[in-house]
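Student: Chains as they are written, first to last, in the numbering used here: chain A, 1064 to 1484; chain B, 1064 to 1484.
Source of the hints: derived by calculation from the structure; they are not laboratory data. Careful: at least some of the hints might be erroneous.
Stated by the list, open to error - Not the full set, but computed from the structure, chain A residues with beta-carbon under 8 Å of chain B:
1) Ser1136
2) Leu1169
3) Arg1367
4) Lys1377
5) Leu1378
6) Glu1383
7) Arg1424
8) Tyr1473
9) Ala1476
What the hints assert, rightly or not - Derived DEER-like restraints, expressed as beta-carbon distance ranges:
10) B/Lys1484 x A/Phe1103: 40 to 46 Å
11) A/Pro1081 x B/Asp1255: 52 to 58 Å
12) A/Pro1081 x B/Lys1484: 42 to 48 Å
13) B/Arg1109 x A/Pro1142: 43 to 49 Å
14) A/Glu1470 x B/Leu1107: 25 to 31 Å
15) B/Glu1099 x A/Glu1470: 22 to 28 Å
16) B/Leu1107 x A/Phe1464: 34 to 40 Å
17) B/Ala1388 x A/His1281: 37 to 43 Å
Backbone N, C-alpha and C define an ideal beta-carbon position, used for all residues, glycine too.
Number of protein chains: 2
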Amino acid sequence: MNTRFYNARILPLDGGAPMVSGELIVSGGRIAAMGEHCEFDGRLDREIDCGGNLLMPGFKNAHTHSGMTFLRSVADDLPLQRWLTEQVFPKEAQLTPDDVYVLTKLAILEYLTSGVTMMFDMYFYRDSIAQAAIDTGFRAALVGCANDYGGSAKETEEEYARFSKLNPLISYRLGFHAEYTTSYPLLKDLADMVQSLRQPFYTHLNETAAEVESCVRHSGMRTIEYLDSMGFFDYGGGGYHCVHVSAREMEILQLRGMTVVTCPGSNTKLASGVAPVYEYLKRGIPVAIGTDGPASNNCLDLFREMFLVTGLQKLNHGAEAVDAAEVLTMACRNGAYACGFDDCDCLAVGKQADLILIDLRQPNMQPLNNVEKNIVYSGSKQNVALVMIAGKILYERGEFFIGDDPERIYAEANRIIRGMK
Amino acid sequence: MNTRFYNARILPLDGGAPMVSGELIVSGGRIAAMGEHCEFDGRLDREIDCGGNLLMPGFKNAHTHSGMTFLRSVADDLPLQRWLTEQVFPKEAQLTPDDVYVLTKLAILEYLTSGVTMMFDMYFYRDSIAQAAIDTGFRAALVGCANDYGGSAKETEEEYARFSKLNPLISYRLGFHAEYTTSYPLLKDLADMVQSLRQPFYTHLNETAAEVESCVRHSGMRTIEYLDSMGFFDYGGGGYHCVHVSAREMEILQLRGMTVVTCPGSNTKLASGVAPVYEYLKRGIPVAIGTDGPASNNCLDLFREMFLVTGLQKLNHGAEAVDAAEVLTMACRNGAYACGFDDCDCLAVGKQADLILIDLRQPNMQPLNNVEKNIVYSGSKQNVALVMIAGKILYERGEFFIGDDPERIYAEANRIIRGMK
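Input sequences plus hints: build the corresponding full structure.
Tutor: Here it is in structure tokens:
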């Protein structure tokens, strides 16, 4: 399938090249040519007039629990610990692998409406998650979530071997749920596994003040210090949330070359706090952006997250903090690197064709004074005209091309939650 | 023009009635009937199958400067005072009445995409603003913005008389720009005018800490105390922003029956602070929601504002603070009351047909566990399927019916900013 986009503005976001007006040719799932005028020898299956609208890399959702779509708006307005123990855990225990398959598809539909081309997904029944991604054509990094209620180092190691070579759309990262749900013997097994596989490691880190205090009480160390002392981050990796982080812990993040995945929508709604993103950037710690799960956020919308990433830092550090270009780097590039999808980060010849078309002919994008600021400060789902992943169009002008009927997926999601005790 | 909506979920938001499934009939610009099945004798011009989607009152944007669309993304990442003096004022000085007319139309297009059916607009060239609203069919309350750089009590009084009876779509509220832009002689004239007309009064109030400190330095009183001591709020009214407000000033807001218009997007982006909305609600002070101008926010999206209204309070007061139902009351009802559009607040027989159709058959609205929470926590512009004002459809499935060509409006807005020094 060869596709030519023409009459486009192209924002490469490759860290240097400016916006160009021209065309972009996709062949074999990758960008074959890009520029003012392109040479291409192959047969074109489709030519798309972009009408002067904007091609850019897709947004990367670097932390989510997609299967939690069934819990959207079921339990809100509760703090994290009560929300987990009273609402989330009892209902999750009733899910089947088939449920997680269809609930993940529901999340993928929502990602597509928001221009998201990749998810870094931590949830159980990972075979179902991978299958939902492969069947729809979506790109997914899976991460283990072993904890005292299920999972082991052995299972994680087995998954790493299996999922890493399953499909080009799938990657796998070592990880576990969180320090506060995992007791010492399992932690020790997982730390040994990291030393044996020599791979980056990802987990929920320092999301709430209570969780850090609890770690200090039993270990004498804050969470990042404690896990680092066990060698978890010897090969890098990253932390989801990283809201309550000391200066010493920031040094560890720097030293280990770790990525922080900030989830401002979830941290706001669950009253967990504001992550020190401004400090991370000053120290050169890469920051990626995640929505967290749809039960805590409650939506899977990178536009909302992008505004919050900069807005909350401005509230704490002044209106100059964290400009639009920095936010786009976080949203498009850093999430790809965290997942090992290094060739999905930007628009350049040879890169994966994971791209979106942003409709600029909408009132919130006019006048066209500054495209990057328009996207970060005024952009919304309504501007997403097309989403392509690995050269395949999955969403175009409000229609989904994912090999399944959205209405069937909605009906199934409603059936699943209605059937629960 | 008589319109029948059927196969709809209807959320009246009248303060009591629950959601019903049924139909709603509009005649003569008002709701003629509503319920499971409706009797209607007249001829129906159009019947709309809502496909199970949601009819609800339109959102009210209770503070904006619509004409500032030309400055979107021109100057960002600056604190309020530098942003005003270095960027905004010099460019605004170059605007003509024709410019404000077309720039207001651009804002109206954007309101429609966000389900907004009314604006409370403070900007200059108010004849142009009123004309833009009337020509497009949009509902607008105008408010005077006299200050040391232009305007007077006499002009404000003349406008009050003229705009109050201009058109059913238009209302007018007494007001001025802000204490910090207005010196004593003009303040005194305006205060005398309030006593003579005995009308509610609206102005920017306590937006930044610096502005309140400056008022204390020259008057010995904080801004709300100072203006109240001059009698400005003897007949009620309200304040835009109200971010930095003392307990004594909250008592004044209560005593005078004033409305607070909170603008969390603008306050966040300009680093002005977080308004104490949680305290206002505890004291029974009505809160409405505004976007502020598109140069400070930078978008005119009530969905973003609704999430921020509750999210920022949760960050400060815990996850239980300010639930979804309270936010919808602010967004749909309180803004209408502030502008004197008392019959545009909710869906009920006899009320103005200012309503929107929310597309629930989108992934961010599924499963349908709780419609109100879905709208506040997961809703986006993408869910706005139709907007009707005074019985006339202005926006439907992405198309505008405003008697003008959006492409022409975009071109004009670009021409205006490009032509400026």
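Student: Each hint should be assessed against the structure and marked as holding or not.
Tutor: A quick look at each hint next to the structure:
Checking A/Ser1136 against chain B: minimum C-beta separation of about 4 Å stays under 8 Å; hint holds. A least Cβ separation of about 6 Å between A/Leu1169 and chain B falls short of the 8 Å threshold, and the interface hint therefore holds. Given hint, A/Arg1367 at the interface with chain B, holds; its Cβ is 7 Å from that chain's nearest Cβ, closer than 8 Å. Contact between A/Lys1377 and chain B, as hinted, is supported at the beta carbon level, the nearest pair being about 5 Å apart and thus within 8 Å.
At its closest, the beta carbon of A/Leu1378 sits 5 Å from a beta carbon of chain B; the interface hint therefore holds under the 8 Å criterion. A hinted interface residue such as A/Glu1383 counts as satisfied when its beta carbon comes closer than 8 Å to some beta carbon of chain B; here the least separation is about 5 Å, so the hint holds. Interface hint at A/Arg1424: satisfied, since its Cβ lies 7 Å from the closest Cβ of chain B, which is below the 8 Å cut-off. Interface restraint check: A/Tyr1473 against chain B, minimum CB-CB distance 4 Å, threshold 8 Å, status holds.
Hint status for A/Ala1476: holds, given a least beta-carbon distance of 4 Å to chain B, under 8 Å. In this structure the supplied range 40 to 46 Å holds for B/Lys1484 paired with A/Phe1103, their Cβ-Cβ distance being about 44 Å. For the pair A/Pro1081 and B/Asp1255, the beta carbons lie near 57 Å from each other, so the given range of 52 to 58 Å is met. Distance hint check: the CB atoms of A/Pro1081 and B/Lys1484 are about 25 Å apart, inconsistent with the given range 42 to 48 Å.
Evaluation of the 43 to 49 Å hint for B/Arg1109 and A/Pro1142 yields a pass: the beta carbon distance comes to about 48 Å. Taking the beta carbon of each, A/Glu1470 and B/Leu1107 are about 28 Å apart, inside 25 to 31 Å as hinted. The hinted range of 22 to 28 Å is satisfied by B/Glu1099 and A/Glu1470, whose Cβ atoms lie roughly 25 Å apart. With their beta carbons about 37 Å apart, B/Leu1107 and A/Phe1464 fall inside the hinted range of 34 to 40 Å.
Taking 37 to 43 Å as the suggested C-beta distance range, the pair B/Ala1388 and A/His1281 conforms, at roughly 41 Å.
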